[in-house]
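Participant: One-letter residues, chain by chain:
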Amino acid sequence: MNIQSEIRKGSYFDSVVLMQLQRELLLLPGVHDAGVVMATPANCALLQQSGLLTESARSAAADDTLIVVKAESESAALQALAQVDSLLNRKRAAVDAEFRPRSLEAAARQLPAAGWVLISVPGRFAAGVARAALKLRKHIFLYSDNVALEDEIELKQTARAQGLLLLGPDCGTAIINGIGLGFANRVRRGAVGIVGASGTGLQTVASRVHQLGAGVSHALGTGGRDLHTAVGAITAHQALHLLARDPATQVIVLISKPPAPEVAAQLLSAAQACGKPVVVDFIGYPAPARQLGNLHFATSLNEAAELAVSQLAGSSQPAQQPGSALTGMWLRGLFSGGTLAYEAMLVLQTTLHPLFSNAPVHKSQQLADALHSQAHTLLDLGGDEFTVGRLHPLLDNDLRLRRIRQEAADPQVGMILLDVVLGEGVHADPAAELAPVIAASRRTGLEFVVMLIGTDEDPQDMQSQKERLETAGCRLFTNPSAALAYVCSRFGAAAATAFAPVELTALTQPMAALNAGVETFYTSMVAQGAQCLQLDWRPPAAGNDKLADILAKMNKR
Amino acid sequence: MDIEQANQSAVTRMIEARPMLTGVAAARDVIPGMHSNLLLHAGPPIAWARMSGPLRGAMIGAMLFEQLAHTEAAAIALAESGGVQFEPCHEHNTVGPMAGVTSASMLVYVVENKAGTGSTNTAYSNLNEGYGKVLRYGAYSAEVLTRLRWMNTVLGPTVGAALARSDGIDLRALIAEALHMGDEGHNRNKAGSLLFLKALAPLIAQGNGAADGQSEVLKFLGDNALSVLNPVMAACKAMTDAAHGVEGSTLVTAMARNGTDFGIRISGLPGQWFTAPAEIPVGLFFSGFSQADANPDIGDSAITETAGIGGFAMAAAPAIVTFVGGTPRDALNATLEMYEITTTEHKHFTMPALDFRGTPTGIDIRKVVELGIAPRINTGIAHKNAGVGQVGAGLVRPPMVIFEQALLAYAEKYGL
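Residue numbers (the numbering used here), protein chains in the order written: chain A, 1 to 557; chain B, 1 to 416.
Listed below are the simulated DSS-like cross-link pairs for lysine-lysine, each with C-alpha atoms no more than 25 Å apart in a straight line:
{"hint": "1", "chain 1": "B", "residue 1": "K413", "chain 2": "A", "residue 2": "K546"}
{"hint": "2", "chain 1": "A", "residue 1": "K9", "chain 2": "B", "residue 2": "K114"}
{"hint": "3", "chain 1": "B", "residue 1": "K413", "chain 2": "A", "residue 2": "K556"}
Cβ-Cβ distance ranges computed for the label pairs, FRET-style:
{"hint": "4", "chain 1": "A", "residue 1": "M19", "chain 2": "B", "residue 2": "A201", "range": "26 to 32 Å"}
{"hint": "5", "chain 1": "A", "residue 1": "Q49", "chain 2": "B", "residue 2": "E91", "range": "50 to 56 Å"}
{"hint": "6", "chain 1": "B", "residue 1": "M400", "chain 2": "A", "residue 2": "R189", "range": "46 to 52 Å"}
Source of the hints: derived by calculation from the structure; they are not laboratory data. By construction, the Cβ of each residue, glycine as well, lies at the ideal position given by its N, Cα and C atoms.
Turn these sequences into a full structure, and let the hints steer you where they fit.
Facilitator: As structure tokens, then:
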């Protein structure tokens with residue numbers, strides 16, 4: 001048994017505090033007895049009776065706090081003494097409904113349970129408040145508009161790095177854990193999770209889901225500029241990743257105005273890897289198909305809601321699993337048919353990025369040099385640049401055979417996609433030429449996929465073509481859409497989560513928030529049964545720009 | 001340079017200072033730079049011409065007391081002619097309530113910072129005269145001067161001899177305990193004064209009975225619920241001086257008023273005052289007086305708020321909530337507001353009503369300016385005419401502009 005003591009000269013504490021400390025010390029590992037007193041003679045006599053008054057403790061005076069710990073070992077006693085400051089400082093914050101602090105810092109101390117900060121202050125001050133919120137490690141619902149784009153990018157990057165969500169700016173609505181933030185409809189709780197740019201699109205889908213008898217798990221607004229190239233859908237990616245992990249969410253709906261193509265491709269690629277059915281409505285953006293694996297494309301807000309609800313019924317079937325084999329590898333498509341190539345472009349651009357072609361859908365997809373593929377590339381070998389002085393590839397396989405060898409030699413290439421078109425007038429036996437070259441080009445990590453176009457009445461003997469190509473190592477599809485869905489699924493997990501994941505508690509904790517700005521957001525939160533603290537927010541330095549500027553510089557130091 | 005670190009260092013020095021009341025001595029013997037022709041006053045520097053009624057009255061009283069002049073007229077003439085010097089108490093490690101006038105032969109409390117961290121500093125404060133017609137409110141009648149002489153010949157020496165029999169009185173512990181007994185340490189010092197009396201009484205009783213005026217002294221100390229205010233102010237001065245002069249720190253280390261101007265000093269800007277006209281406190285008035293009788297804010301006692309008590313510890317003092325709005329809730333809110341502009345919570349000064357949270361400590365000019373919240377100061381209110389005395393008590397805030405000036409000066413000095 002070992003006794004250690006500590007004298008705190010001139011430290012006065014109320015006896016209740018000291019008794020509480022004493023009780024807490026007794027709960028620490030290895031501690032058998034403890035005494036915490038103001039070292040008055042009477043108190044010291046009591047300690048002596050309990051055998052706790054050590055020689056060193058006798059020097060304590062009546063103004064001193066005397067802390068004595070009796071433990072099974074010296075280290076246990078010293079460890080207990082080392083806890084004293086943190087035990088003393090562990091204050092329950094006095095929650096005070098009537099006091100409205102001006103600073104987020106004070107507000108956070110007053111309502112420590114708050115995981116969210118709602119910001120609806122004038123736009124030019126909003127970024128400053130958001131920065132303060134991130135410093136306090138809070139998730140943000142940023143209603144304010146007129147936030148500079150560079151501020152939005154900086155804030156979202158900071159938030160992402162810290163595993164925090166920043167919904168907005170210009171985010172009108174969200175429903176988190178059953179509580180509506182900003183403008184939100186009262187919808188039943190359920191299993192449809194929604195990610196939307198902002199505002200009415202999200203409200204419409206949420207309301208329709210409710211009308212159709214289903215409910216919403218969470219609805220997250222990302223802000224109108226989130227899917228712009230400069231922002232790169234930071235919030236949408238986080239939200240998708242979060243809903244994918246949320247056990248309450250079975251189906252996810254993604255709504256946006258037309259996003260930048262490369263942003264859309266990355267987001268949909270992530271959606272494909274999320275392991276749950278995802279209904280996509282990029283309003284005005286061409287749907288590549290009704291369905292691509294777990295992705296379902298809607299052409300209206302209403303259809304998005306209907307598809308989501310119908311998927312709920314079917315979601316007992318396991319959705320497509322993430323973790324595709326070809327992540328990080330490239331696709332090379334060598335087409336003899338121009339229309340087939342173009343349809344493949346339209347579909348594959350949904351999730352494959354960057355994607356190039358000599359016959360691009362968007363100018364940005366133009367392949368610089370048709371003789372050299374880059375990244376994902378789809379070639380229309382019937383294009384003018386290839387057919388000058390040469391027969392069409394439907395008749396002459398030579399160019400394709402050389403290109404197959406060229407692409408297969410690139411170790412970054414994970415899949416070669418071919419169309420083989422049968423029928424009158426085309427090559428009499430394409431498999432005879434293709435199969436040996438394919439067989440010779442096979443290597444580990446390289447797949448061959450063939451879309452076989454033709455009928456069993458065609459002169460080339462479709463069955464024989466199929467068998468020989470399969471023997472050479474090709475996966476055969478007679479339905480081109482199925483082929484393209486397969487390709488997507490193999491490359492689907494391209495957008496792995498290269499960011500700190502947001503803790504699920506962002507959504508699942510009982511909603512508690514600090515509100516800086518529009519007071520009706522506060523009253524609405526309270527009416528919904530959430531904890532909320534309204535700030536008495538004012539512009540920094542009473543709107544004096546010179547002083548505010550100095551303060552900003554000082555706070556950066 | 002890291003401002004947070006500088007402020008942390010400054011506020012730690014403030015909190016860990018351990019002011020011990022160790023003695024009573026003549027001002028000229030202990031206060032640095034004190035001499036017979038020097039009169040110290042509360043607040044930032046001020047010339048005779050700009051002094052308000054109560055401060056002028058106290059100056060006249062001090063000149064009569066020191067026998068620098070023998071009539072009121074002679075005293076005024078002496079002051080006008082520049083025959084005496086006026087300097088702030090604060091520039092001499094000293095503080096005084098209201099007019100704060102301290103002259104060379106007055107006895108003062110000696111409060112030593114025994115933090116044990118190597119650096120030590122000492123602060124001084126005059127003795128409290130009690131209520132009614134008193135020098136600190138500008139009264140200088142024969143009755144006032146008689147009491148001052150008694151304080152210098154009986155009260156001071158008796159208390160001094162008592163302290164000499166002890167290891168000193170630990171004022172940090174005394175303040176901490178008083179905060180748990182309903183004091184906030186500025187406007188309410190009832191509990192602290194009784195704790196002071198409790199500490200002194202046995203020591204005084206060891207003295208020489210009636211010859212020391214024991215009974216008279218004990219009664220005087222016991223009747224005066226402000227008797228501990230002056231040592232507490234000196235303790236606060238010792239704490240805030242310990243935090244002064246930390247390179248880069250934006251902490252306020254003094255707030256003081258001379259009845260005309262309000263002045264503050266900043267840790268990282270040593271040697272400078274930032275001043276603006278003092279405001280007239282808002283509060284409750286004794287019967288027969290009104291707001292119209294009030295003098296602009298006066299006194300060094302805002303050193304208590306600077307050190308984290310007084311108005312900042314309002315939550316500890318529900319008995320005087322009438323000064324801040326009337327309900328205990330208002331008292332809590334007053335303290336909660338001060339958390340917004342301070343650096344930390346006091347380690348030793350805690351408040352039961354806020355679940356023993358430490359008092360808001362270390363005013364940061366950045367937060368004051370950014371949030372537009374000026375510190376709250378609990379204060380007595382002086383009559384604007386010399387010698388009438390206290391007419392009420394209430395709340396005052398420093399003018400915001402002095403914090404803005406300080407911020408601009410800081411930006412200039414540190415090249416922001």
